[in-house]
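Number of protein chains: 2
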Amino acid sequence: MPLSDQAGLRNDPQMTKYVYDFSEGGMDQKDLLGGKGANLAEMFNLGLPVPPGFTISTDACRAYLAEGSEPAGLADEVTAHLTALEEARGKRLGDPEDPLLVSVRSGAKFSMPGMMDSILNIGLTDASVEGLARAADGDERFAYDSYRRLLQMFGTTVLGIGGELFAEALDALKADRGSDDDLDLTAADLQGLVGTYKTLISEHGGRDFPQDPRDQLDMAVLAVFDSWNTERAVLYRRQERIPEDLGTAVNICSMVFGNGGDDSGTGVAFTRDPATGAQGVYGDYLVNAQGEDVVAGIRNTIPLAELEQVDRAVHGELLAIMERLEHHYTDLCDIEFTVEHGKLWMLQTRVGKRTPEAAFRIAHSFAEEGLIDLDEAVDRVSGAQLAQLMFPRFDAHAERQLIGRGMNASPGAAVGKAVFDSPTAAEWAARGERVILVRRTTNPEDLAGMVAAAGILTSRGGKTSHAAVIARGMGRPCVCGAEEIDVDTGRFTAADGTVVEQGDVISIDGTTGEIFAGAVDVVDSPVVRHFEGDAAVEDDDLVRAVIALMEHADGVRRLGVRANADTPEDAARARRFGAEGIGLCRTEHMFLGDRRELVEHLILADGPEQQQDALDALLPMQRDDFTGILEAMDGLPVTIRLLDPPLHEFLPDYTEVAVRLAHEQEHGEDTPRTHRLLAAVKRLHEENPMMGLRGVRLGIVIPGLVTMQARAILEAAAGLVAAGKDPRPEIMIPLVAAPQELELVKAQVVAVAAEVEQETGVPLTYSVGTMIELPRAVMVADQIARSAEFFSFGTNDLTQMTWGFSRDDVESSFFSTYLEHGIFPVSPFESLDVEGVGRLVELAVQKGRAERPDLHLGVCGEHGGDPRSIHFFDAVGLDYVSCSPYRVPVARLEAGRSASAGSASA
Amino acid sequence: MPLSDQAGLRNDPQMTKYVYDFSEGGMDQKDLLGGKGANLAEMFNLGLPVPPGFTISTDACRAYLAEGSEPAGLADEVTAHLTALEEARGKRLGDPEDPLLVSVRSGAKFSMPGMMDSILNIGLTDASVEGLARAADGDERFAYDSYRRLLQMFGTTVLGIGGELFAEALDALKADRGSDDDLDLTAADLQGLVGTYKTLISEHGGRDFPQDPRDQLDMAVLAVFDSWNTERAVLYRRQERIPEDLGTAVNICSMVFGNGGDDSGTGVAFTRDPATGAQGVYGDYLVNAQGEDVVAGIRNTIPLAELEQVDRAVHGELLAIMERLEHHYTDLCDIEFTVEHGKLWMLQTRVGKRTPEAAFRIAHSFAEEGLIDLDEAVDRVSGAQLAQLMFPRFDAHAERQLIGRGMNASPGAAVGKAVFDSPTAAEWAARGERVILVRRTTNPEDLAGMVAAAGILTSRGGKTSHAAVIARGMGRPCVCGAEEIDVDTGRFTAADGTVVEQGDVISIDGTTGEIFAGAVDVVDSPVVRHFEGDAAVEDDDLVRAVIALMEHADGVRRLGVRANADTPEDAARARRFGAEGIGLCRTEHMFLGDRRELVEHLILADGPEQQQDALDALLPMQRDDFTGILEAMDGLPVTIRLLDPPLHEFLPDYTEVAVRLAHEQEHGEDTPRTHRLLAAVKRLHEENPMMGLRGVRLGIVIPGLVTMQARAILEAAAGLVAAGKDPRPEIMIPLVAAPQELELVKAQVVAVAAEVEQETGVPLTYSVGTMIELPRAVMVADQIARSAEFFSFGTNDLTQMTWGFSRDDVESSFFSTYLEHGIFPVSPFESLDVEGVGRLVELAVQKGRAERPDLHLGVCGEHGGDPRSIHFFDAVGLDYVSCSPYRVPVARLEAGRSASAGSASA
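Protein sequences appear in the order of chains S and L. Going by the numbering used here, the first sequence opens with residue 14, and the numbers climb by one from there. Going by the numbering used here, the second sequence opens with residue 14, and the numbers climb by one from there.
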């Protein structure tokens, strides 16, 4: 009979039920019982050996937080369940003779840093500690060690006393005994420490340690409730957008001890290797120990396989349970277990975390075994994981000397000379050196050095620090908050004493957070080698998994995937990576390099004639550019954006020229050219160039520019058609805010097309569309759709204008503060701001399609390669996303995930 | 019997009726008959002496333009109406014996430059010209002069021949005759000229001049239709947002001649003085002349009153008709009339244009006379007119020497030394001189000079030229396109030969377009003197009218009017001008002047302590600032915006410091201070400061700033309460994009308020709200409204972000091109872009009020003082608008107009 039935508390149908025996729950009840409680109940009901216990629901926590006091009826329910538990175990909580001890653990729906974790050994008092010793065959050391642990946990987490006070008392005792090992302390030592701890509690906790076991329990439960609102938990929820009102459950579980002798022990295990995904259980076992000892690493664990030698029966039972759990959850599970005098107890299970490689191999393997279908398999991997698998990595077989670890803030492997300030980084990089910028923290003044560095390493700050935010934005590998290293001026010292001086080579792994001395060999990802057509990797288990899941994703996805590519080489790579066209071909790089002089002529032209001369000289070059790209994407659409950036970007910097002129004047060497250049730069200088004369505005102020570019595109297309090819240019007008702008420019394009058709005799197929990247364009998208055959959402600029911040300026100056405050959970340039920018995208889609039902819709901002954003774009009905060539597989996978049934959980 | 009944053409009910006799129309049919035709019909049906005729409807024009050919049935209808007309007049069109002649005039619903105006004397041929001479008692000179005018008008407007060809032939003939007066040409001369003109037509018009009168008529009608699509007309419609598909009507009217002797003549008249609005008719009469002669000014006209001496009967009849028309239209009418041998003919009437002064006086007078009610009177004046009446003006009694005219591009009177280039203007202004910048045209390089100048004068370009757009944006008086003056390097020459050299004083009137040599005395507007409380002007007719209409507007308006004011002086003036509070008190000027050093300390601070020192020093100064303003607005709300601009605005310009350092380094004089300053300026330098670290972002990155400002405001309020005053501060957080930003900053404000209440013992009343000036804020306005007690729309920034252009940069660089192309009809910074920005405002109102029904809503961008925008803000339900103190009366009036019945026609 389930314990709850014995409790007989369900008489009043009006009263909310707050407490659930493990027998009453299940894995689907995470909302009510939290993750830990739901999984304990699931194991209990599978008949697995779970120490009996019960869960106080999140309802109770919410009621407590709302009312500010324990909800009515909760105490009675706890009493009833506790009584039932005592009867089942044949012991009473804190009984001086043979006490029942319990653990109290928090367990919210989502695991959440900053919340109280657990208090063990509740039920120990001055009286019952002796009973525990007796019950443990007189092991007083064990009993007092358990008691002092309770005092320590209770004092810090329930009464809010600084943990260092307890640690100092323990250290002082050890120093007094001339040892630095807890195990050297005797029972008497620990008994003395208990006294010290109780005094500490009385002095700093505002009360004596409660000698009533039930008081201990009740206070611990409320402390768990209160910990829902610790600053760190609140911040974490804000950053992760976890609702404030979920509340946490509390699990109360009878204690079992793995430290009762050599027939006892404790361990953690995974049903598969969480690092590689290889089949076969994987775990560690520690004889005669408690769970926290495994984590603390005070003794060496043994591999799980060796448990067979220690206790064949337990080992066999454990393997059977793990197989059952994996089949039951149809996923990799991790577990915690304890063996108490030869009896196996399951303390926890959950679907285990895993590396990206393991995620792919496990999902593929489960699908091959028929345990899950391919939709489910694709749902279990993610684009973010695939992206990590595509970074170059340190060669697994290469020698390496690990000298520290930090947070894996921005993935990828980087090798370079350590430099300790930004100007040096910029200077060394400029002369061709690869450098790793090492700083305690970075700030906006370090920007130039960060741009110059191959990788960034800091000793302070988390994943939302300036260094982390900027590095991710730039795609630079970054390890941050590596507190083990001590960064000084011009050197850092690792925990093992290794000193790295300026110029010494180091290697950092932004995917794992590892720091190595010297250069570690970097190898290409086998996944990339596969996409690049390297047949040698096709037998690799990971590559096989990727191929299988990508094939399925491609089969089910609705959303097309194109690439952003400006050169024939990029276009060809994008095609190998599965791009179905080019969504954004920028033309501005075509105005740089050896063409800069012509562009300067264009800008400094005296009148329309000189301007036209410059344009005429650019035309054949542009035509060659477009011929190459259209040829590389033969048969697929190529969206070409007409010139977008402000003209001054093609001229030298204003301050630079002004300073140069000042120098020249000092020496009487100022030339008319410098004066003229300064005047031109000054004329084109804009306070806010992002919001200045650019995009379609250039096309209207200098109509010859549009004509030249349109002619270059269409002549290139005509030439290819004549050569039997199938070019599909789509001409895209940037920065349109009003329908009239597009109409004016489109008329020019159409006129040029008619001319080219007549001149070449080749009928041309092309379309004209626009970028939607200004809020104004969204508001009049219906009117714009009258002339636009397609929209491409430029979500970078749309994000800038919607939020009113320029990416270049603000990521560095205040994004880390904003991320810390949870104003946004992730930079809106990394992942689309669905609430704000996303609503504008949706509005434009609705308005555009209402006017022109067959309007073709895509996105070419960087969000096109962002997994979270792709699901949104799929949901609002875009036709395709476009992203950098390396992101194409990621986008294909996420588009497949979005389309498959699992999209709801994305 | 009306002519149309005789025509008997309404047999087929399916056939659209295209032609309407004057008897069939009326003043309400402007859509169908155009303005001119509708008013002719109205007069005809009033029984006034209108020469018989008919109107071809806009339906016919639309059908012609759609089909590209004359619509079926039109020719027959014209024939029927023409026949009826011939019968009524007893003459046949072009009859060689005694020809009926007609005029053909365009007449669209709105008067429209660029369309064909009129062709007179249709019906004259080689044969009928003789008949005309005979009918005119043998006056051959009159007959051939009429014929050559027909040839000239027909040749240029119907056949598209360049007018200069005809003018040159006439000039050659006059030169040959040694005269420069047409009147010296004999009948024989003119007969010869007719021959020359016919040859011109044959050679350049692609055909001979049609000798069939009906061909003349039909071709003239189609030419009017075609003129709907001249480039200039299309551009005008695009700029004025007049629909493309209205079409024009064509009026065909039997000719009457005022040049048949001394018992004939022609005149124009107004029922009141259109310049001042004074009662009594006002007009000019020219004996023995045709209408075009009055316009050409070839002889001196006589005042209308003197017509009484010339022909008492006609004079009396005319006065009676004018009185009748004014009562009938209940408005000022202007008319054109002709006297033919003692018989009065009315050729045209319309509601007359008038000056702003006349508009007020006439509307007031009509209301006083009980002809219209006050709602109607208020509807007949406008805020734009009131604004013009408030500019300082040239003293009406001052001496002046008019030397030229241009377009009245930006209103106001300006006196200063003429300068001819922008650097000189800036230099002279910097040393305290008042200058007028004179240029052929301006371009972005002239910006500094335009800012420095008191007024701007150009000889080229219209009301959408660079000079005009920028001047209006800056509120500088501007006369543009003054083609009469000849601008050279360093001087200009007026039409009368006056030469203005650099440094000579001139005066320009941007309200009238007049240019004067020397300084003309400038006087304050009596309207402003009234608002400022000057009782001496209260008997002024204009002031009486303004008072009456303003009282009515205030009585009916729903919308509140506040002022933007940053100083106690401005606040007091705003109150005198009728402001009901301050809608925007900017705090940035409080960081300038003698406080700049403290602010520099704040910005360059080494760590939080130095920062706090600077803030502490600023606190008492800020408190004094707020005390003054809250006191000036005692009892009324004062919305104070926390610091908004980027910090680098308080530091010197980056390029300037860089150049200074370069100079110092050249001389080995570089100081640590310059290096340090350059580093700070560089650190704070932003590529796009408009989109950088500003507004609420500053408050989050430097929390002490918010605390200091909030404390200064609340301590000021507490002090005033203690002194028995009633301060009502509203604290406004700028540039909010996300609800979390507001929550964070609001929490700081609330905490400070609690402290101040505790410290002072004074209970405080204040509110906290936000500006809505980013599209993101609009999209999440409901969430923001949870913490915001009010929204104030910052439509300047909202316009910038929505369109993605920065006002400083783009008005100068491409707005004139955009206005020319009609991409917008008026700068969206002048008048709210209702379609784009307006929809966002509306969305935020809906979302905000849905979350918080009592959310207080206002606008504090410059649009708050723009007449057109005010109607929109009223319509979407804002509670108030806020504008500069001088604009407060304008806003009050427009808010009244919006509320009154006439708002529909605003």
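Be careful, since some hints might not be right.
Because identical chains cannot be distinguished in the list, a pair is counted as satisfied if it fits within a single copy or across any two copies.
Stated by the list, open to error - Taking lysine to aspartate or glutamate and the DMTMM-like style, the derived pairs with C-alpha atoms no more than 20 Å apart in a straight line are:
#1 695 x 440
#2 695 x 669
#3 695 x 434
#4 356 x 408
#5 104 x 601
#6 211 x 221
#7 104 x 613
#8 695 x 666
None of these hints come from the bench; they were simulated from the model. These numbers come from a predicted model, not from an experiment.
Against the structure, the hints come out as follows:
no. : hint      : in the structure
1   : 695 x 440 : between (28 Å within a copy, 18 Å between copies)
2   : 695 x 669 : both (12 Å within a copy, 13 Å between copies)
3   : 695 x 434 : between (33 Å within a copy, 17 Å between copies)
4   : 356 x 408 : neither (43 Å within a copy, 109 Å between copies)
5   : 104 x 601 : neither (79 Å within a copy, 73 Å between copies)
6   : 211 x 221 : within (7 Å within a copy, 122 Å between copies)
7   : 104 x 613 : neither (90 Å within a copy, 72 Å between copies)
8   : 695 x 666 : both (10 Å within a copy, 14 Å between copies)
The structure is inconsistent with the numbered hints 4, 5, 7, although it conforms to all the rest.
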